[in-house]
Structure formats: C-alpha cells, structure tokens
Amino acid sequence: MTVAQGHQTVLLEPAVKALLTSNSGHYVDGTFGRGGHAARILEQLDTDGRLLAIDKDPEAVRVANARFAGDARCIVRHGGFASLESYVRDLGWHGSVHGVLLDLGVSSPQLDDAERGFSFSHDGPLDMRMNPEAGQSAEQWIANAAEAEIADVLYRYGDERYSRRIARAIVRERQLAPIERTAQLAEIIKVAHPNWEKHKHPATRSFQAIRIHVNSELEELQACLEQAVSVLRPGGRLVVISFHSLEDRMVKQFIRREEKGEDLPRGLPVMQSEIVSRLRRIDGAVKPQGEEVANNPRARSAVMRVAERTGQGTIA
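Going by this note's numbering, the sequence shown opens with residue 77, and the numbers climb by one from there.
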C-alpha cells in the first residue's frame, strides 16, 4: 500500500487494475488527494499516456505540481470534479478518455490537520471546506442556518436520529456565543445526544452531514457521474470508491440506471436492441480485505464500483 505524507491510499491495486485498459490511454483522477492512485497510474503509462489530475484542495494541487513537475504526462487542474467535462474538452479528450477514477470523501491529511476543521478529534477552526479559498465555511453556515435547515441536513446527510434535538441545542448555544471551533461544536452535540453508539463519538454523524452539505458533495458527485459517461470512449472505465452509504447508493443506482437504459412506459413494444445502455457493470462491489483494513482502519467502510462505457449513446 502506498503511503504519501501520512495518507494510505485505499484499494490502490484493485482500483488501478480496474481503471487501466491501455498504457497509452488518457485518464482522469478526479480526486488527486495526495497522489497515491495518480502515482501508480503514471508508473504504468508509457510516454504517450496522459493523466489529468483534479482536486479542489489548494494543498493537494501544490503537492501534485511539486511531485509531478517534471512529468509531461501529468496535467494538474485546481477545481472540483463537477467541472470534469470542461477540463476534458479543453484538452481535446472528450469522448476518448480511457478511464475516470473518483476516490470520494475527505483524505487523511485533511482529517488530521486541525486547521481544516474536518475532525471532532482535533480542535481547530470550524471550516470543513475542501477548498478553503471559496464558498461558505461550516462556521458561517452554523451561524446563519435556520433550526429546521440544520435538523434537515443532519438527518439527510448523516442519518442522525436526534437531528432535531441537536439542531435545537446548536441554535440555543449560538445565541449565547459564536460557535467557531470544532471542539466547541462537538461538545454541544455530545451533550445534546441522548444515545451514544458504542465505539463512535456522538458527533460523528453530524460532522459528516455538515461537511457533505458545506461542500455540496452529493450534488457534485451526481454532476460528475453524468459527465464521466459523456467523456469516456467505448470500453473506457468508470471507477468510484465511496466511504459512506449515501455516496455508494448514488453510484450504484447511477450505474444500474445507465445499464438499464431509459425508463419507458410499461407495455411499450420496444425490442431489447433498441434500448440505449451506456454503461455495463464490471463485477460487483469490491471492499478492502483484512490486511488493508488492519493496516488502515479508515479503509473499513470503502466500497469500489466499476462500470464500462458501451458503444451506445452519444459520444461527441
């Protein structure tokens, strides 16, 4: 397993093996992170191969530019994978990409850096933005969101049973003093939560939900999945690694829908050959095995899904 600056790349070998169909192809790593997957892809590409590495995090982009500065095969872009199609068109690759890889969620360096505000385990500014140079921070959202909105976000994105109770506590406490630190918010949630899960901090679900909301993670994922199908060549692969059920469910349903084709009225006389199926699944869900989970506990929730672009549908 590759370790880059404290980050252990999850499902490294299975992901790269599923992604690469040609050593001279064009590939997209939509979530560069600390470059574990990107480095292994580049190890296997020949001089004609190319890799587009994308990340919203300015620090990840700095690492990418420094690490692969002398490698003409690697092209780095600072931005979200929801702009995937735009980046690919600029390079003239649209409809000819051999593979798109997405390793979703927050990386270990982001979690472990208290200044990023992702973790309830490390006290720091309440930020949580993947790109701290743009958008609304978690602190700003917490300060201004209505109680009902907070409760809805905690329930929808964190499956938090006590979302209303926690939202009520947050609104009450912010009236007494601004909520500016992760430890401060974690303590508010801890006190408000009536039923702690074994071996899980009571703020786990709420922090996940707020992070997903602040970064519009699910909306951007949906946009990226649609674009990925458009940029892939026939036989090109889509490889997605998810870390919670909301992401995985979205990816699974998207692949199933693209494989099934357009929903048509029941009883409509349509032959199987007339159904446009843009993707086909490659095997089932892949999960880390015992040794990888033992070496990296954060890998235990990872699920990888793979699909291949068919020759059907518009590629232009």
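By construction, these hints were calculated from the structure, which means they are not laboratory data.
We treat Cβ as the ideally placed atom computed from N, Cα and C, and that holds for glycine.
One or more of the hints may lead you astray.
In silico SDA-like links for lysine to any residue, alpha-carbon gap of 20 Å or less [unchecked claim]:
1) 276 / 235
2) 93 / 352
3) 266 / 310
4) 336 / 374
5) 93 / 123
Just the calculated beta-carbon pair ranges, DEER-fashion [what the hints assert, rightly or not]:
6) 99 / 197: 25 to 33 Å
7) 166 / 145: 15 to 23 Å
8) 200 / 357: 38 to 46 Å
9) 146 / 167: 16 to 24 Å
Evaluated hints:
1. 276 / 235: It holds: about 14 Å lies between the C-alpha atoms, which stays within 20 Å.
2. 93 / 352: violated (27 Å)
3. 266 / 310: violated (50 Å)
4. 336 / 374: Violated, because 33 Å separates the two Cα atoms, which is more than 20 Å.
5. 93 / 123: holds (19 Å)
6. 99 / 197: 25 to 33 Å: Taking Cβ atoms as reference, residue 99 and residue 197 lie about 41 Å apart, which means the hint is violated.
7. 166 / 145: 15 to 23 Å: At roughly 20 Å between Cβ atoms, residue 145 and residue 166 fall inside 15 to 23 Å, so the hint holds.
8. 200 / 357: 38 to 46 Å: holds (41 Å)
9. 146 / 167: 16 to 24 Å: Holds: the Cβ-Cβ distance is about 20 Å, inside 16 to 24 Å.
In this structure, the hints that do not hold are numbers 2, 3, 4 and 6, in rising order.
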